Amino acid sequence: DTTVKQNPRYKLARVGKPVNLICSQTMNHDTMYWYQKKPNQAPKLLLFYYDKILNREADTFEKFQSSRPNNSFCSLYIGSAGLEYSAMYLCASSRAGGQDTQYFGPGTRLLVL
Amino acid sequence: GEQVEQLPSILRVQEGSSASINCTYENSASNYFPWYKQEPGENPKLIIDIRSNMERKQTQGLIVLLDKKAKRFSLHITDTQPGDSAMYFCAASERNTNTGKLTFGDGTVLTVKP
Chain A
4 DTTVKQNPRY KLARVGKPVN LICSQTMNHD TMYWYQKKPN QAPKLLLFYY DKILNREADT
64 FEKFQSSRPN NSFCSLYIGS AGLEYSAMYL CASSRAGGQD TQYFGPGTRL LVL
Chain B
3 GEQVEQLPSI LRVQEGSSAS INCTYENSAS NYFPWYKQEP GENPKLIIDI RSNMERKQTQ
63 GLIVLLDKKA KRFSLHITDT QPGDSAMYFC AASERNTNTG KLTFGDGTVL TVKP
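Those sequence lines, one after another, are chains A and B.
The first sequence begins at 4 in our numbering and counts up by one.
The second sequence begins at 3 in our numbering and counts up by one.
Simulated from the structure, these hints should not be mistaken for laboratory data.
All values reported here derive from a predicted model rather than from experimental measurement.
Any given hint might turn out to be false.
Looking from chain A toward chain B, a few residues come up when the C-beta cut is under 8 Å (computed) [claimed, not checked]:
#, residue
1, A45
2, L50
3, F51
4, F107
5, G108
Where is the CB? At the ideal position from N, CA and C, for every residue including glycine.
Whenever a hint applies, use it, and build me the whole structure from the sequences.
Here it is as structure tokens:
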């Protein structure tokens, strides 16, 4: 099973409110990633977990948090959503190794009003 | 970091003809180049990839070429079908043995006209 699951598929949030998105995989992958994708733009890496080590991109460091309570689950947390957070959020996972295939989930479409 | 440029952003071809998408990258340390296809409402799926020890790879109507000297790689779809219509993303991975950080191109919307 190469399925990466994401919940919810759609999320409506109010400006200033927190948002928590969930990703899971049962492939025992060491690395899990979160990307933000806006229309007509490339998926942009926000952060990734290698095992228990969190790596956040410098330009999104303060905007997103994440937790990985176990190997299968990874969350993306926005403490205070702004309009600019409206986007598709894609989770992916891969085995350890810089050249291993990343398997993507179906994404969560977040709309902030 | 890495920067990946992908062209064209929109590509329309007639069924049965070929389609080509080109990408360039900046980081000479990048050594893994996957291509993803994303259909409407679906998640991106890997369709083919090439590593830096190869110059050409072919599978099921797809050909990828890699020119390391020019830092350029390309996807060629031969005998296109309406089912090939989708968004295509190229990506480059930095040389890192522990994690596969991908830098994506902006995508190409391919439409195959019957």
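Unmet hints by their number, sorted upward, for this structure: Hint 2 is the one this structure does not satisfy, whereas the remaining hints hold.
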